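Undergrad: Sequence:
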Amino acid sequence: MKHNQFRQVVFPIITAMIWGSSFVAQSTSTEHVGAYTFNAARSFVGFLALLVVVQIFKMLRKEPPAEQTAAEKKAGRRDLILGGICCGIALALACNLQQLGMVAGASAGKTSFITTLYVVLVPICGLFLKKKVSPTVWISVLLAVAGLYCLCIKENFTIAPSDLLVMLCAFGYTLHILVIDYFTQRVDGVKMSCIQFLTCAILSAILMLIFEHPTWADIVPCMGSVLYVGVFSSGVAYTLQILAQKDSNPTIVALLLSLESVFGAVSGAIFLHETMTGKELIGCVLMLIAVVLAQLDLPLKKRDNSAKEA
Numbered sequence: 001m002k003h004n005q006f007r008q009v010v011f012p013i014i015t016a017m018i019w020g021s022s023f024v025a026q027s028t029s030t031e032h033v034g035a036y037t038f039n040a041a042r043s044f045v046g047f048l049a050l051l052v053v054v055q056i057f058k059m060l061r062k063e064p065p066a067e068q069t070a071a072e073k074k075a076g077r078r079d080l081i082l083g084g085i086c087c088g089i090a091l092a093l094a095c096n097l098q099q100l101g102m103v104a105g106a107s108a109g110k111t112s113f114i115t116t117l118y119v120v121l122v123p124i125c126g127l128f129l130k131k132k133v134s135p136t137v138w139i140s141v142l143l144a145v146a147g148l149y150c151l152c153i154k155e156n157f158t159i160a161p162s163d164l165l166v167m168l169c170a171f172g173y174t175l176h177i178l179v180i181d182y183f184t185q186r187v188d189g190v191k192m193s194c195i196q197f198l199t200c201a202i203l204s205a206i207l208m209l210i211f212e213h214p215t216w217a218d219i220v221p222c223m224g225s226v227l228y229v230g231v232f233s234s235g236v237a238y239t240l241q242i243l244a245q246k247d248s249n250p251t252i253v254a255l256l257l258s259l260e261s262v263f264g265a266v267s268g269a270i271f272l273h274e275t276m277t278g279k280e281l282i283g284c285v286l287m288l289i290a291v292v293l294a295q296l297d298l299p300l301k302k303r304d305n306s307a308k309e310a
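Residue numbering for the sequence shown follows the numbering used here, starting at 1 and increasing by one per position.
Calculated directly from the structure, the hints in this document are not laboratory data. Keep in mind that the hints are not guaranteed to be accurate.
Unchecked claim - Dumping the calculated EDC-like pairs for lysine to aspartate or glutamate here, alpha-carbon to alpha-carbon at most 20 Å: (1) Lys-73 / Glu-63; (2) Lys-191 / Glu-72; (3) Lys-191 / Asp-181; (4) Lys-191 / Glu-274; (5) Lys-132 / Asp-181; (6) Lys-191 / Glu-280; (7) Lys-62 / Glu-155; (8) Lys-130 / Glu-63; (9) Lys-154 / Glu-280; (10) Lys-74 / Asp-188; (11) Lys-191 / Glu-67; (12) Lys-154 / Glu-274; (13) Lys-131 / Asp-181; (14) Lys-73 / Asp-188; (15) Lys-279 / Asp-188; (16) Lys-58 / Asp-188.
As the list claims (entries may be wrong) - Between beta-carbon pairs, the in silico distance windows are: (17) Thr-136 / Val-10: 49 to 55 Å; (18) Ile-202 / Val-54: 49 to 55 Å; (19) Lys-73 / Ile-270: 45 to 51 Å; (20) Leu-281 / Ile-252: 22 to 28 Å.
Everything numeric in this text was worked out from a predicted model, so none of it was measured. Here a beta-carbon is modelled for each residue, glycine too, at the ideal position from N, C-alpha and C.
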């Protein structure tokens, strides 16, 4: 296997494993702290981790940066700061809705699959940006709706508040992806991500001080989860994603990254002993097929989440 082939296969799988297992860390943290406290801490750790990544990339850069005029540098800094703040606001919305859903009782496995709904929503939102949507995307939408029905709708046609919060988080991540797509062509993605995590940390900390008032006794027991999500999900996984996408087939990389939901469900079953009903498992399969179909037509970049930060 050639080096670039190794990168485009192995790195995305490792990234998906890290992102998927992060749902377990998020779930265990709900026993100790609220959503805003956890996201303030993890985002600040992610900010520090990506600062290290920025320095590493700077040292590994083989060619000096292109010369820019004073006006170009000023415009670049403006776009970098504005992009980071806008992405951070969208990320804070998405990851806090997700964590609130898990605090309310959503399982790690179910959360991982419902969150991937953003992959289907992004091309649909492209309609408002005058982008064409292919028939396969509409098939993905139908499959995703059927999958969500199996995952979330109970026999009396009600939906749990926890599942509703996670569904709303998928819309938040859709906004996050669209904002990233707008700014990433203009600025350094890693530097922008540093600013977005700092913004997310500040916004989450403000909400934490208003609604939660945690103590160190609450935070210390979940520091392992905070460090895992902050360092590995934000720093390591994000870096591996960038390396995987370099000179690679974006569709292959995107498809492998979508395994995050599968690893999330598997991790939840192994470490948290979560189980799903037959109906919920069918929903997971339908959601996975929907995600794969959507990406075959429109490859997408992942949240840091993140911030799929996780």
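Undergrad: All hints are to be evaluated individually against the structure, with a verdict given for each.
TA: Going through the hints against the structure:
1. Between Lys-73 and Glu-63 the alpha-carbon distance is near 18 Å, which keeps this suggested pair within the 20 Å criterion.
2. Only pairs whose Cα atoms come within 20 Å are accepted, and Lys-191 paired with Glu-72 is accepted, the gap being roughly 17 Å.
3. With a C-alpha separation of about 15 Å, the suggested pair Lys-191 and Asp-181 falls inside the 20 Å cut-off, and the hint holds.
4. Taking the CA atoms of Lys-191 and Glu-274, the gap is near 37 Å; set against the 20 Å cutoff, the hint is violated.
5. For the hint linking Lys-132 to Asp-181, the alpha-carbon distance of about 16 Å falls within 20 Å, and the restraint holds.
6. Distance hint between Lys-191 and Glu-280 is unfulfilled; the C-alpha atoms sit about 39 Å from each other, more than 20 Å.
7. This hinted pair does not check out: Lys-62 and Glu-155 have alpha carbons roughly 60 Å apart, beyond 20 Å.
8. Taken as a hint, the Lys-130 and Glu-63 pair is broken in the structure, with Cα atoms around 37 Å apart against an allowance of 20 Å.
9. Of the pairs offered as hints, the one joining Lys-154 and Glu-280 holds, with about 10 Å between alpha carbons and a cut-off of 20 Å not exceeded.
10. Simply put, Lys-74 and Asp-188 have alpha-carbon atoms about 14 Å apart, close enough for the 20 Å limit, and the pair holds.
11. Among the hinted pairs, Lys-191 with Glu-67 is consistent with the structure: their alpha-carbon atoms are about 19 Å apart, no more than 20 Å.
12. A hinted pair counts as satisfied when its Cα atoms are at most 20 Å apart, and Lys-154 with Glu-274 qualifies at roughly 18 Å.
13. This hinted pair checks out: Lys-131 and Asp-181 have alpha carbons roughly 13 Å apart, not beyond 20 Å.
14. At most 20 Å may separate the alpha-carbon atoms for a hinted pair to count; Lys-73 and Asp-188 meet this at roughly 13 Å.
15. Straight-line distance between C-alpha atoms of Lys-279 and Asp-188 comes to about 43 Å, which puts the hinted pair past the 20 Å bound.
16. With a C-alpha separation of about 11 Å, the suggested pairing of Lys-58 with Asp-188 holds against the 20 Å cut-off.
17. The hinted range of 49 to 55 Å is not satisfied by Thr-136 and Val-10, whose Cβ atoms lie roughly 28 Å apart.
18. Checked against the hint of 49 to 55 Å, the C-beta distance between Ile-202 and Val-54 comes to roughly 19 Å, which is inconsistent with it.
19. For Lys-73 and Ile-270, the Cβ-Cβ distance of about 50 Å falls inside the hinted range of 45 to 51 Å, so the restraint holds.
20. For Leu-281 paired with Ile-252, a C-beta distance near 26 Å keeps the hint of 22 to 28 Å intact.
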